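Taken in sequence, the protein lines are chains A and B. Remember, our numbering sits 217 above the position in the first sequence when you count from 1. Remember, our numbering sits 1 above the position in the second sequence when you count from 1.
Don't read these hints as lab results, they were simulated from the structure. Just so you know, these numbers come straight off a predicted model, no measurement behind them. In this text, a Cβ means the ideal position worked out from N, Cα and C, and glycines have one as well. The reader is advised that the hints may include incorrect statements.
[As the list claims (entries may be wrong)] With a straight-line cut-off of 25 Å between C-alpha atoms, the simulated DSS-like cross-links for lysine-lysine are:
#  : chain 1 : residue 1 : chain 2 : residue 2
1  : B       : LYS374    : B       : LYS255
2  : B       : LYS386    : B       : LYS359
3  : B       : LYS117    : B       : LYS140
4  : B       : LYS89     : B       : LYS54
5  : A       : LYS265    : A       : LYS288
6  : B       : LYS4      : B       : LYS66
7  : B       : LYS54     : A       : LYS409
8  : B       : LYS359    : B       : LYS255
9  : B       : LYS4      : A       : LYS409
10 : B       : LYS255    : B       : LYS454
11 : B       : LYS66     : A       : LYS409
12 : A       : LYS265    : A       : LYS221
13 : A       : LYS402    : B       : LYS89
14 : A       : LYS265    : A       : LYS250
15 : A       : LYS409    : B       : LYS374
16 : A       : LYS265    : A       : LYS440
17 : A       : LYS409    : B       : LYS89
18 : B       : LYS66     : B       : LYS54
[Stated by the list, open to error] Residues from chain A shown here face chain B by an in silico Cβ test under 8 Å; the list is partial:
#  : residue
19 : PHE412
20 : CYS421
21 : GLY561
22 : ARG567
23 : GLU568
24 : THR586
25 : LEU590
26 : ARG592
27 : GLY599
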Amino acid sequence: MSEKVLLRFEDVSADLTDISQYVADGGYESTRKAIAELSPEEVLAEVKDSGLRGRGGAGFPTGLKWSFVPKDTGKPIYLLCNADESEPGTFKDRAIIEKDPHQLLEGIIIASYAIGCHDAYIYIRGEFADGYDILCKAVAQAQREGYIGDRLFGTDYSLNVHIHRGAGAYICGEETGLIESLEGKRAYPRIKPPFPAVQGLFGCPTIVNNVETLACVKHVIAKGASWFKAIGPEGGPGPKLFCLSGHVRRPGVYEAPMGTGLRTLINDYAGGMLEGRTLKAVIPGGSSVPILRAEETDIAMDFDSVAAAGSMLGSAGVIVMDDSTCMVHALRAISHFYHHESCGQCTPCREGTGWLDHIVTRVDLGDGTDDDLARLDSVAGGMLGNTICVLADAAAMPVQSFLSKFRDEFAAHVHDGGCALKDGRRAVA
Amino acid sequence: MPKVTINGRELDVPAGTNLITAAEMADQEIPHYCYHPGLSVAGNCRMCLVEIKALSDKQNNPLPKLQIGCNTLVQEGMVVESDNPRVKEARRSVLEFLLINHPIDCPICDQAGECKLQEYYMDYGRYESRFSLGDKVHKHKVEPVGPSIMLDQERCILCTRCVRFLDEVTETHELTITERGDHSELTLAGGASVDNPYAANIVDICPVGALTNRDFRFQARVWYLDSADSICTGCATGCNIEVSSRRGSIYRLKPRANLDVNGFWMCDHGRTTHESNNAENRLQTSLVREGGQFVDVAASAAARRAAFGLKTVTSLGIVAGAGATLEEGFLAAKIQDLLGAGPRIVTSPATSDVPDDKMLISTDRFPNRRGLKALGYEEATSIDKPVDALLVLRADPVAAGGAWVEQLESLRATVVVSDRADETTGFADQVLAIGSHFECEGTFVNRDGRVQKFDAAVAPPATAVAGWQALADLLAALGGPAYDSQESILASLLDDLRDPSLVSASPSVAD
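Excised from the complex, chain A in its bound form:
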């Protein structure tokens, strides 16, 4: 295992939430270097060259996204840090925020400098009460020490960082829903175009980046693009946080190079399956992505490899299920979640998520029919790709993949009124 950067707090005895200990550990040196020694164009070039792809789920190249910000519009440019981590199975940003918030602030300052932003916002999930307090303290410390504020490091560059707490809706993590919420409105995702880089917060050019992405920016500047590129595959390199949950011995968040094997993560990092259990299935990238059967899990965990296997790296929320899991019941938990979280703006998602939830629940309880199974597939098909944001896809993809990969179990629920995996129910839902 290589040296940890994102989870450095695990390797050092210092309390990295305390700015003096963080600085003593070399903290804010990258920020000083970026602002005092490099031009914004040089920072952008370095990030582009690093090949960093967004860690929020979509994997869009970060440097390319930054380059979409139009110059000379006369409007302010905003950076929004998306800390609304809400995808079931995902808890990596929380670790950064709670244990090493200053590396995030460094990433925010460096990114803001690169895109010409003077007011950055952190939109933090409402349930992260501790994280909010820790971030507030960190921002206050950074202001006091002169890392945030006017004329940073003796240059003309100034930056304010604001923290905004969400109120507990999954949709606020969708970048345009987040923008609407930050503006004080219902978090209805926006139709695109226009994209946020052109017309985002308050109608101004806006870049929205995930917590882990911005933390990576700090390390790209600290250690250089060539260091970053050397970790993992060419098409999406860098250190990566993986969230392992479910039926493993040591669930938790782990840092490993992008492209680490899924089985390595399960067996070596998370300690393998629980005693006496065998692997049945894995959702590799948060609850919204297609599930993989055990025999499909011999893959590398990077954007392109997981896509090639028919799923997505997503937020790298790896949900591991063993042979005690009732897949119908597991899907019911997922379908219920998306039903509960659909914002209700677009017809297919508003109506479809509830319909899916009703049918899956019915099948799980043994009241379903063969027609219900066919209906599940076609209702999900009517949602996929037909809405403003991808919440409909997030609800539809698990249904279609669970159904196609575990057809026998769904059929058993329909024909026999249930399945033998009663214990599995409690374990997942």
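We have chain A; now place chain B onto it with these hints.
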């Protein structure tokens, strides 16, 4: 002008046009609920999904996802398909989603017959129901949201047209969406009531039966209603309207879209103007004096009696209300010219206690002041020159006060041409009963100088005739030229208009 191809048909479309409008230009329909040309694009109903086979001449790969026609603007070389199997399937699917939680209470819904759910279901749906009734989400059904509007939350498809109207047009923000997912509901924002001067427009733009007009609820099935194009008489703006009637009774007024006059809207006051059409004082028949008392006579007999009384008059004054049509004002002036010069005045006050607003409401509560002035009528509250006789046209000067009573009593002849009995008709020698403007065809000139024709929606009561008909009869009985239609009068009078700034009517557009 970008050249686009829609369902195989190539056409030039102005830059900035969206695909729904471009398709209309190609005689193709892209069905839609949330899109309305008078409001911002919401893109939420997903009914207008189309396939983009090529985005432009520079980027001619098909887009992987279907795109919404409302938010997609034409580009040079764009190729669009709105009727292929993939699009039809997505559309059928959206319709099915819209209907699963809909109550399908069409038999008791006022929107039935002009409901976009019904129309599109027949055009694009027609599937077997796959949703179990027990799964339906139930919401409030009879919710008054303002003095004139009733809300049925179950029927609402959450297109937000009404919310956007109240946010963007009136900027009064009374309605909002609360809750989320399939429990989302349209509701009043924090104790508000939809009670603004344009509130009822949200009933018109509601594509389903969620918002209904409390006046019109359960009054008529829309497929029994006859329709006529008219002009609102509520003020000088001249909003283009549609009059719905059945068996001679008027049930409702709705705006017709005209971007040069009223956009897509009309005010709530304008919608109530038909109520006076059934007033108790409506004249059913013409009247002449027999031994001091009024007796009913046929319209032609009244015209002959009036002509007899006016024949020896050498100075006739005309007192017109600004609700008289161009045709009526013109014929009255012809009668005056035949007898000898005299004053022509408009007595209707030009201002009222209703102030001009920035939208459609004018402080001038009359529809044709500008037209009558173009015919040489002057604004005055009295006639100061000596006259032998008066022709009173759709005006009630006595009610306005002043010295009218003494003047009328001193005259040799007074002819009143009116659709209702009022204080002035009591001083008439003859009363020519005419139809209201809902009962006549005619032409008004609005405050901006736009010349706008309207049709009759219903017939005049009993033996009353159109205003132009009554005056044409009188003119002919006095030996003047004969006119046998509103069109022929309009054709003659256009040359007489003394206002070079008048503009011809612009056509109404689809909405």
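* **Hints not upheld, ascending by number** => 1, 2, 13, 15, 19, 20, 24, 25
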